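2 protein chains.
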Amino acid sequence: MKKFVIIVAGGAGSRMGTDIPKQFLELCGKPVLMHTIQRFYDYDPDCELFLVLPAAQKSFWSDLCLKHGFLLPHQVVSGGETRFHSVRNGLGHIQGDGIVFIHDGVRPLVSRETLDRCFQAAQETGNAIPVLPVTESLRKLDGRRSFSVDRSLYFSVQTPQTFRSKQILDAFSQPFDPLFTDDASVAEKAGHPITMVEGNPENIKITTPTDLDVAGVFMKKHVD
Amino acid sequence: MKKFVIIVAGGAGSRMGTDIPKQFLELCGKPVLMHTIQRFYDYDPDCELFLVLPAAQKSFWSDLCLKHGFLLPHQVVSGGETRFHSVRNGLGHIQGDGIVFIHDGVRPLVSRETLDRCFQAAQETGNAIPVLPVTESLRKLDGRRSFSVDRSLYFSVQTPQTFRSKQILDAFSQPFDPLFTDDASVAEKAGHPITMVEGNPENIKITTPTDLDVAGVFMKKHVD
Numbered sequence: 249m250k251k252f253v254i255i256v257a258g259g260a261g262s263r264m265g266t267d268i269p270k271q272f273l274e275l276c277g278k279p280v281l282m283h284t285i286q287r288f289y290d291y292d293p294d295c296e297l298f299l300v301l302p303a304a305q306k307s308f309w310s311d312l313c314l315k316h317g318f319l320l321p322h323q324v325v326s327g328g329e330t331r332f333h334s335v336r337n338g339l340g341h342i343q344g345d346g347i348v349f350i351h352d353g354v355r356p357l358v359s360r361e362t363l364d365r366c367f368q369a370a371q372e373t374g375n376a377i378p379v380l381p382v383t384e385s386l387r388k389l390d391g392r393r394s395f396s397v398d399r400s401l402y403f404s405v406q407t408p409q410t411f412r413s414k415q416i417l418d419a420f421s422q423p424f425d426p427l428f429t430d431d432a433s434v435a436e437k438a439g440h441p442i443t444m445v446e447g448n449p450e451n452i453k454i455t456t457p458t459d460l461d462v463a464g465v466f467m468k469k470h471v472d
Numbered sequence: 249m250k251k252f253v254i255i256v257a258g259g260a261g262s263r264m265g266t267d268i269p270k271q272f273l274e275l276c277g278k279p280v281l282m283h284t285i286q287r288f289y290d291y292d293p294d295c296e297l298f299l300v301l302p303a304a305q306k307s308f309w310s311d312l313c314l315k316h317g318f319l320l321p322h323q324v325v326s327g328g329e330t331r332f333h334s335v336r337n338g339l340g341h342i343q344g345d346g347i348v349f350i351h352d353g354v355r356p357l358v359s360r361e362t363l364d365r366c367f368q369a370a371q372e373t374g375n376a377i378p379v380l381p382v383t384e385s386l387r388k389l390d391g392r393r394s395f396s397v398d399r400s401l402y403f404s405v406q407t408p409q410t411f412r413s414k415q416i417l418d419a420f421s422q423p424f425d426p427l428f429t430d431d432a433s434v435a436e437k438a439g440h441p442i443t444m445v446e447g448n449p450e451n452i453k454i455t456t457p458t459d460l461d462v463a464g465v466f467m468k469k470h471v472d
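Each protein sequence line maps, in turn, to chains A and B.
Using this note's numbering, read the first sequence as starting at 249 and increasing by one per residue.
Using this note's numbering, read the second sequence as starting at 249 and increasing by one per residue.
Simulated from the structure, these hints should not be mistaken for laboratory data.
Careful: at least some of the hints might be erroneous.
Said to hold, decoys possible - Label pairs and their in silico Cβ distance ranges:
1) K278(A) <-> L380(B): 24 to 34 Å
2) S400(B) <-> S326(A): 25 to 35 Å
3) P423(A) <-> D398(B): 14 to 24 Å
4) K468(A) <-> S326(B): 34 to 44 Å
5) K437(A) <-> D418(B): 25 to 35 Å
6) S326(B) <-> D364(A): 24 to 34 Å
7) D398(A) <-> A304(B): 24 to 34 Å
8) S421(B) <-> G277(A): 29 to 39 Å
9) Q343(A) <-> D364(B): 52 to 62 Å
Every value quoted in this text rests on a predicted model; they were computed, and no experiment measured them.
Even glycine gets a Cβ: it sits at the ideal position worked out from N, Cα and C.
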C-alpha cells in the first residue's frame, strides 16, 4: 500500500535559547530535519514526502539543502497557525488511498522497526501510534493538590502517528478544537479508537540543548 | 537543620542485560553509586548518609570502595523485600529531628539546586518531591481502549523525596500496601499533602544501557 509522509517542522526554537529553529540545528554534521527525512526514505524509497514549514523558513531550508547537497525528494508545504492547521495543509496534498505517517520534524531517531509496526497496524486497524510505558512515578494535579496515579495505566506518545488516508482526511475536516493535542486526538474525536504499538526509546523529541546532546549519543550508536 | 540521606540501591540489574547490578556499573570511570553519594556530600559535607543495599551485595560494594579509594562516610544497611521495606530499614537508623532525603542510588545526576529546593520546601511544608512537567502526549488505558489525557495536569516524579523526619517515620509505621509506588505515596496515605518542587532534567534514573550512555553525556557537562 502507498505510503505518504507528512513531516511537521513548525518550531521557532525559543526553548533552545537559539535563533535557529531546532529542526535546523546540526546533529552529527547535518540539520536534524535531514536525518528525519532520511529515516523515511531508508524505510521505503517509494514513499511520497511532504515537509510542512513556516512560510518564512522556506528559503532558509532550500539554502541548507544546497549547502548540504541534500537531494532526497520532498515537497515543501506552508505551515499554519497551529499544529492542527499545519497538518491539515499537508493532508491537502494527499491524493488516493494509502497510509499517512504524520511525524515531528525534530524526531530524527525513529527506528525502522517502529515505522514498520505503525504501518502494519494502521493497515489492519485504520491507525497506529507508537508509545512507550511511563517509567517514572506520575502525579496528577487536582486543583491545588496533587495525587499519585498508577503509572502502569499510562503511555507516553511518540510519532509518527499513522492512519489510513481516508480516516485522517475525514477527521481533519472537523473544525479546530483547542483540545486537539495530537493527530490521534483528532481521529479520536471523529470516533476512531486508537491502536497503540511499541515505539523506540531513542525516538525522542528534540526541544532543548540537552536533547540535542542525547540525540548525538543515540545517532552514533546507529539506531535501527 | 540536620540532614539525613537514605540512598536506596536495591536493583538486581536484569533490565541492563548484565550480571552487574546497575548501581555498580561504571560511569566516567567510577561506579554510579559513588557519583550519587558524592552529590549529597558536595551539597552538604555534614549530612548523615545511609546506603541501603541487598545483603548479598555488601561485600562486593566494600571491595569496590577499596578499589576506587572511596572514602566518603556512609553506613551500609541491608535492604528488604520491596522498596518500602528497604526504605523502612534505612529509616530505622535515623535518630533525632531533621530532614530526610530518600534517593534512588541510580540517579547520580541530581543537581545541587534540586537538592536545595527539596530541603527548603520540606523545612517549610513537611515534605517535597522534585518533579518535571510531562513533555510527551500522554494516553491512559481504560479497559481495552485508551484515550488522550491533558498532559499539563501531570508531572513526572524524581527523587530525592524529602521529608521532615517525624512525618516520614510515622508514615512508614503503616503496614505495607502494594499501592505504595514511592515514598510520597506512603506519606500521602498517612494524610500528608505532598509539595512538588522543580527537579532537573538530567536527574534521570539509570535503568537501561541507553540511560547509562545518556548519563555519560550529562556527566561530562558538569551538571550543577
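Taking the numbered hints from earlier one at a time, note which ones the structure violates and give those numbers from smallest to largest. 5, 6, 8
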